[in-house]
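Residues 1 to 210 in my numbering are what the sequence shown spells out, letter by letter.
Derived lysine to aspartate or glutamate pairs resembling EDC-like cross-links, with alpha carbons at most 20 Å apart:
(1) Lys111 / Glu131
(2) Lys111 / Glu88
(3) Lys111 / Asp135
(4) Lys45 / Asp160
(5) Lys46 / Asp184
(6) Lys111 / Glu195
(7) Lys46 / Asp77
(8) Lys111 / Asp160
Keep in mind the hints are simulated off the structure, nothing from the lab. Note that the structure is a prediction, hence the values are computed from the model and not measured.
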Amino acid sequence: MSSRRMTTLAAAIAALIAATACSSGPPPPVTTHSYEEQVQAARAKKDEAFRAADNPYSPVPRAARASFPGIAYFPIDARYRVPASLQELSLDPPVVIQVPNSAHELESKVKVGVLSFMLNGTTYTLSAFAENANDIQRLWVPFRDRTSGVTTYGGGRFLDLDRTATGLYDLDFNAAYHPNCVYDSSWVCPYPPDENRLPIAIDAGERLRP
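Please put together the full structure from these sequences, using the hints given.
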């Protein structure tokens, strides 16, 4: 593709590896598997999808898929799974911001609202976005933190959330993922806006391979 966007991937990869969306919505129903087992299963399924030779959405170059070692992660840490509340903005008119991407272009995003959450006794906020005001059922939450450019990609990481009717969310940084340009520079990936820079290290989710 001449201009493959990370935003196009979001919908496709959600269908292919829905299990990776463990950060979305309210806490999931009780199952026979522990939280750690659910996260590990989702990660294994994502590795499988990335390695699949017939997966057109895998960011791993076809020639490298058979030997792909799998995605690198921080250890699962339940302390990085926290409740969050979304203060929604009016969509009439929508608040549209421009975010830069890895192709040195600007992309338009609709700001749906601001998520508030607490980590280690301190409250933080992250803005949540959508592609357009007519479809806000899937929220995109990009962020940078103090691991960015050190143990994680300097361009930031993402979370995806299914919009809830209550405004309450299960914000799980163990599900934070790298954009596809980390695996193949031909993908075009948007960068988090300045307002989504966290002043702490989020040692959870995907990381660069040591």
